[in-house]
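Protein chains in written order, with our numbering: chain A, 1 to 272; chain B, 273 to 582.
None of these hints come from the bench; they were simulated from the model.
Since we're looking at a predicted model, the values are computed, not measured.
There could be a bad hint or two in this list.
To be verified - Listed next, the in silico DSS-like pairs over lysine-lysine satisfying Cα-Cα at most 27 angstroms (straight line):
hint : chain 1 : residue 1 : chain 2 : residue 2
1    : A       : Lys264    : A       : Lys189
2    : B       : Lys385    : A       : Lys264
3    : B       : Lys385    : A       : Lys189
Claimed, not checked - With the C-beta cut set under 10 angstroms, the calculated list includes, among others, these residues of chain B facing chain A:
hint : residue
4    : Pro305
5    : Val322
6    : Ala394
7    : Leu398
8    : Met407
9    : Ile470
10   : Ala530
11   : Ser533
12   : Ala552
13   : Gly555
14   : Arg575
15   : Thr576
16   : Ser578
17   : His579
Built from N, CA and C at the ideal position, the CB exists for glycine as well.
Letter by letter, the chains look like this.
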Amino acid sequence: MRRHTKILVTLLVLTGCLVQLVPFYLALTTAFKEQSDLSSVWAFPFAAITWDNLAAAIAQGGVLRATFNSAVVTVIATGLTCMLAALAAYPLARRRTRLNRGVEFTILAVMMVPPLSILVPLYSLLNGLGLLDTYAGLILPLVCLELPRAIFLYTQFLRAVPLSLEEAARVDGASRLQTLRIIIFPLLKPVTVTVIILTAVYVWNEFALSSYIMTSTEMRTLAPSIAAFFGANGSNVNAAVAGSLIGVVPILIAYLFLQRYFMKGMLAGAEK
Amino acid sequence: MSATAHPHQATPAPRPHRPPRPAGASINLMYVPALVLFAVFIIYPVLQGVSIAMTNWDGYSSRRAFVGLENFARVFSDPNFSTAMTNTFIYGVGSTVIQQVLGLLFAVLLDQKLRGRQIARAIIYLPVLVSPVVMGLMYYLVFRYHQGALNDILGVFGAAPVSWMSDAGVAIGVIVVVNSLQFMGISMLIYLSGLQGIPQEIREAAALDGSIGWNQFRSITIPQLMPAFASSVVLNLIGGLKLYDVIQVLTGGGPGYATNSVSTLIGRTYFGNQAAGYAAAQGVVLFLVIVVCTVALNWWFDRTRSHLEN
Chain A
1 MRRHTKILVT LLVLTGCLVQ LVPFYLALTT AFKEQSDLSS VWAFPFAAIT WDNLAAAIAQ
61 GGVLRATFNS AVVTVIATGL TCMLAALAAY PLARRRTRLN RGVEFTILAV MMVPPLSILV
121 PLYSLLNGLG LLDTYAGLIL PLVCLELPRA IFLYTQFLRA VPLSLEEAAR VDGASRLQTL
181 RIIIFPLLKP VTVTVIILTA VYVWNEFALS SYIMTSTEMR TLAPSIAAFF GANGSNVNAA
241 VAGSLIGVVP ILIAYLFLQR YFMKGMLAGA EK
Chain B
273 MSATAHPHQA TPAPRPHRPP RPAGASINLM YVPALVLFAV FIIYPVLQGV SIAMTNWDGY
333 SSRRAFVGLE NFARVFSDPN FSTAMTNTFI YGVGSTVIQQ VLGLLFAVLL DQKLRGRQIA
393 RAIIYLPVLV SPVVMGLMYY LVFRYHQGAL NDILGVFGAA PVSWMSDAGV AIGVIVVVNS
453 LQFMGISMLI YLSGLQGIPQ EIREAAALDG SIGWNQFRSI TIPQLMPAFA SSVVLNLIGG
513 LKLYDVIQVL TGGGPGYATN SVSTLIGRTY FGNQAAGYAA AQGVVLFLVI VVCTVALNWW
573 FDRTRSHLEN
């Protein structure tokens, strides 16, 4: 690269990074500033850092309870998604009959349904089943929304696993179930990491369905509780921002250590 | 493992060596749990949605009367719905365009040998990981009228503060920008992996022919990036057409109904106006629009690809 091209490239990259980081910086200055402090949002309150906003988010916004709810929903939904998707992918990868191609097509079609388009019937279904405002009532629909992509990823991965591995195990007398348990499932670790990251990030951050399904404050997950706190206390933005930091920190920590996996996984989930 | 590997152990009676049977139909049982979930929580609601859409149900009472296609007729005459539909397309197309431009730009920039490019990629990508609710809240700090970060900067240059959220046209632009900045990292990753997939020999051969710089980019890079372009556009467009979270946090669909997408309008029609039948009809229309867009786009990209190959 010529010298002035290199300078231009560097400048553009720095601008991009700056734009992406500024909102996080503003969130920090706001979260640690007294509500009555009317100084510029750009100024970090070095002299007067306050923890009041965080305390308000926890006491009035119920952010800790919401974090717990989100953790429960995320762990169970992610586990279920991995299990059901790995199971479903095996016949789709190994037995390419007309029926199974039809099943694959159905699964891809499910992927196209926008969650809000079925809000009315889904809400009344959950209401009828007594699942409104329960963990199961949120987990099961979210798993359904994440399953198609997960099944797709597992199927692609399995198709690249040579059949001879299984045949060898079968010749040695392993039953089909043993072959699956001992040979196939352990091979799926890399694609499972991808599915875990994709599903966990989606469920942890989910807002639209969660805000309608979890109707009580005790059951609310993180994103809806931050939004509700922000909506109800428009005057106390500082506390809402402080609360949202609690939701961001776990993901940031995971991202810091597993950055490579995050980027590789997200890419695999985006490309079809 | 075969018994011969352990000569010191008592050898079990040798099993007759039968050739493994090909996977039988019984393994299809493995996808039954997933299909049952889909049937209950997606497919049944989709069908049920069509049937609710033909009633005047309010969403609470047990009274509901069949009204035929009345709700669908209403969809096409309701100004709030046509505003929401127009906005949905602005959100979809606007975000898609911005994300392609920025995604491709940063992919090309960060494909160069640059110190710290790994960190730069990670930073550009970072907002993808936070909830759109948090993203919206952070950008509220940028765009709010009093103490807003952007109005602060304008003030430094002596310009009057702008009311970013109360003018519908401006607010729609703000929503498009926030959504694009949040997800351009995905487009960047898709294009980066596309760029890295271009064989070095092709680039070198082109350089020998004297086509370097912009010419090389136009004649070599762009055609090679077509698959990346296709997946990025489809992903961004569908994401934009479904947009809900950022709107809800930044404007709540307001002022009035002016910045609603169809998704935010559905929630409001159902829970705000107690018109469940009508909201279900809006849902059916949104679903159909997204299906048509997805199928049409994929068809178009497939056709373009086969044209390129011939």
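Hints, verified against the model:
Restraint check: the Cα-Cα separation between Lys264(A) and Lys189(A) comes to about 14 angstroms, which is no more than 27 angstroms; the hinted pair holds. Between Lys385(B) and Lys264(A) the alpha-carbon distance is near 20 angstroms, which keeps this suggested pair within the 27 angstroms criterion. Restraint check for Lys385(B) and Lys189(A): not satisfied, since their Cα atoms lie roughly 32 angstroms apart, outside the 27 angstroms limit. The criterion of a C-beta within 10 angstroms of any C-beta in chain A is met by Pro305(B), whose closest approach is roughly 5 angstroms, and the hint holds.
Satisfaction of the interface hint for Val322(B) is found here, the shortest Cβ-Cβ separation to chain A being roughly 9 angstroms, below the 10 angstroms cut-off. With a least beta-carbon distance of about 6 angstroms to chain A, the hint placing Ala394(B) at the interface is held under the 10 angstroms criterion. A cut of 10 angstroms between beta carbons decides the hint on Leu398(B): the least distance to chain A is about 6 angstroms, and the hint holds. A distance limit of 10 angstroms between C-beta atoms decides the matter here; for Met407(B) the minimum to chain A is near 7 angstroms, and the interface restraint holds.
Because the smallest distance between the Cβ of Ile470(B) and any Cβ of chain A comes to about 16 angstroms, over 10 angstroms, the interface hint for this residue is violated. Given hint, Ala530(B) at the interface with chain A, is violated; its Cβ is 18 angstroms from that chain's nearest Cβ, farther than 10 angstroms. The beta carbon of Ser533(B) comes within 9 angstroms of a beta carbon in chain A, closer than 10 angstroms, and the hint placing it at the interface holds. With a cut of 10 angstroms, the hint placing Ala552(B) at the interface with chain A holds, because the nearest CB-to-CB distance is about 4 angstroms.
Hint status for Gly555(B) relative to chain A: holds, with the closest Cβ pair at about 4 angstroms, below 10 angstroms. At a threshold of 10 angstroms, the smallest CB-CB gap from Arg575(B) to chain A is about 18 angstroms, leaving the interface hint violated. The interface hint given for Thr576(B) is broken, as the beta carbon of that residue sits about 17 angstroms from the closest beta carbon of chain A, more than 10 angstroms. Given hint, Ser578(B) at the interface with chain A, is violated; its Cβ is 18 angstroms from that chain's nearest Cβ, farther than 10 angstroms.
Among the interface hints, the one on His579(B) is violated; its C-beta lies about 21 angstroms from the nearest C-beta in chain A, farther than the 10 angstroms criterion.
In terms of the numbered hints stated before, the structure departs from hints 3, 9, 10, 14, 15, 16, 17, listed from lowest to highest.
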